Every structure is written in structure tokens, then in C-alpha cells.
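Enquirer: The residues making up each chain are set out below.
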Amino acid sequence: MAKLKIEDLKKIKERVQGETALRAGAKRVKVTVHMGTCGIAAGAREVMDTLMSEIEEAGVTDVVVTTSGCMGLCSREPEITVEIIEQNPILYEFMNSNKMRQVFKRHILEGEVQTPFVLAKVTE
Amino acid sequence: MLELSMNILDIVENSTRAGATLIRIGITEDRTNDILRIEIADNGEGMEPDVARKALDPFYTSKTVRRVGLGLPLLSHAAKITGGGFTIESKKGEGTTVTANFGYRHIDRQPLGDIPTTMTTMIAGNPGVDFIYTHLSDGESYMLDTREVKNELEDVPIDHPTVLQFLKENIRDGLKEIGAGS
Chain A
1 MAKLKIEDLK
11 KIKERVQGET
21 ALRAGAKRVK
31 VTVHMGTCGI
41 AAGAREVMDT
51 LMSEIEEAGV
61 TDVVVTTSGC
71 MGLCSREPEI
81 TVEIIEQNPI
91 LYEFMNSNKM
101 RQVFKRHILE
111 GEVQTPFVLA
121 KVTE
Chain B
1001 MLELSMNILD
1011 IVENSTRAGA
1021 TLIRIGITED
1031 RTNDILRIEI
1041 ADNGEGMEPD
1051 VARKALDPFY
1061 TSKTVRRVGL
1071 GLPLLSHAAK
1081 ITGGGFTIES
1091 KKGEGTTVTA
1101 NFGYRHIDRQ
1111 PLGDIPTTMT
1121 TMIAGNPGVD
1131 FIYTHLSDGE
1141 SYMLDTREVK
1151 NELEDVPIDH
1161 PTVLQFLKEN
1171 IRDGLKEIGA
1181 GS
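Those sequence lines, one after another, are chains A and B. Here the first sequence stands for residues 1 to 124, where the numbers follow this note's numbering. Here the second sequence stands for residues 1001 to 1182, where the numbers follow this note's numbering.
Just so you know, these hints were derived from the structure itself, not from any lab. There is no bait here: all hints are sound.
Restraint-style ranges between C-beta atoms, simulated for each label pair:
| # | chain 1 | residue 1 | chain 2 | residue 2 | range |
| --- | --- | --- | --- | --- | --- |
| 1 | B | 1106 | A | 10 | 39 to 45 Å |
| 2 | B | 1157 | A | 85 | 18 to 24 Å |
| 3 | B | 1155 | A | 8 | 14 to 20 Å |
| 4 | B | 1106 | A | 64 | 39 to 45 Å |
| 5 | B | 1067 | A | 10 | 47 to 53 Å |
Taking lysine-lysine pairs in the PhoX-like style, the calculated list, with each CA pair at most 25 Å apart, reads:
| # | chain 1 | residue 1 | chain 2 | residue 2 |
| --- | --- | --- | --- | --- |
| 6 | A | 10 | B | 1176 |
| 7 | A | 27 | B | 1150 |
| 8 | A | 3 | B | 1176 |
| 9 | A | 30 | B | 1150 |
Treat the numbers as computed from the prediction; the structure is a model and nothing was measured. All C-beta atoms in this analysis are idealised placements derived from N, C-alpha and C, irrespective of residue type, glycine included.
Sequences are here, hints too, so could you generate the full structure?
Expert: Rendered as C-alpha cells:
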């Protein structure tokens, strides 16, 4: 039976522990990928996957990614919500891998909202 | 949905919304008998019998944000067009098991698709939920139990990008090793 090798997992653990010890801190950004039936059918999994690899590549530790269900705006999927601490959440529509990379680099890392992709600015 | 792995991701979302803490995902490829089986079993809140029956109706949903609920009907349809079948077993307070059988070589059978990415996506989205993924391919098997992974990782979160990347590659290699199909 094919299975996970515990030794490999140990190596990963030690590597991650070494990295995060240097710059452990609070989360600055929360990204929610909307993963209802509609979102998944429209390509939300690839958007999420791109986001995860961008985070790994950039080596940032203050961005947390989560998923949510459908919120009723199915025709505009895939959607993501970017919440930067002390700022209004931004809801992006019609996402794909390329747009995700742009939003990650420009908005999440540099703080510049990518207006052409925005569906709504959420105000409480 | 273009791939069965996306249906799996979707059905698992139902399970997490039902408050499941442990979700079993089983894929069986039985080429001898021309069967592909996907089974998703959770320990969520379950459904009353009448709700479980209505769940296959695309115009029934437990949500209020829209009037359709397509997740289960889509998977059920994908199974039935290949000469297969679909069942939901649910018990209030105990959990729900969804089973879909497909004609393995049927021309309308959708590909399984990118299972490794589906798995890491569901782990990343629900780090608090545990998953047991078993894949049988003509007697060969692959298994991933996130409880074991978490145990081994200790204080390192399972949804850390480096860990997810490692898991994805591991699943990919494991499936290759057992000769899993697409």
C-alpha cells in the first residue's frame, strides 16, 4: 500500500519550524475563496491553488486562506474576498489564475486594490 | 463540473457545512467489473429522511440565498448517465454517506481529474476537519489520514503552504504508484 513517509513529513516539519521561528507574527490578510457548487464549477479550485502556490513562493506567513460556501451571486463566480486588517473587505468577481496572481502581488502584498476586478467594497 | 474530483470537493463542502469533523473519501477503481465508485462519508449532523429524499431535487436547497441546490443532483446525474447509480444514506445526529457508482469505461464517464489539488484545497479550506482518503485501484491501495499527518507535524499547521505542497506531491506520487486511472 502506498502511504505517506513519516521521515519526509519530519523533514518538512523541521524546515517549516525553522522558517516560522524567524518571523512568527499575527495574520495581516484573510482571503476567502468562495467554494459553493457554482464557484467550483466556475474554477474556484484553480484560483485557490494558484493563491496557495503564490503564498509559498513569496514566503509570506501573514496571509491566511479559507473557503466559504455560495452567497447567492453565482453568476459572478469565481469570487474571492480579500480582508486586510483595518480595511474594508474587497469582493473580487470572475477570478482566474492570472487575476489571482495580480491581486496577490498588487493588492495583498502591496495594498493597491485591483479596481477592474472588483465586484463590491463591503461596508459594515 | 468537468471533473469528478470537483464534484468530490463540492460534496465535501456539504459535509463541512453539516459540522463534520471526520470525512472519509473512498475511490475504488474496479476495472475487472467496469466500476468506478466514489464514496463520501461524514459524521456531520445528518438529515431527516424527508430532507435526504428532497436533496436530489435541484429545486430544493437548505439555503436561503438562492432557490436551487445543484451539488448532489449534478453528481447523481453524472453517475446515472454512465449506467451507474447514486445513493444517500443519512441519519439525524450521526452523519451522511453519499455513494456514486459509475460505468468505468462508459464514454460519458467524466475523468476523475486532479485529485491531489482537490485534496489539498479541502485541507487548506478546512484545517480543523480530518480527512481519510483511500484510493483502491485493482487491489492496489493508497491512503492518506490527516490525523496521522497532524500528529506528526505537532505545532506546524497542516494548512501551511509548504506542507500542502508536500501532501499534493505525495498524493500524486502515491496514485501513480498504485496505477490509479484518470
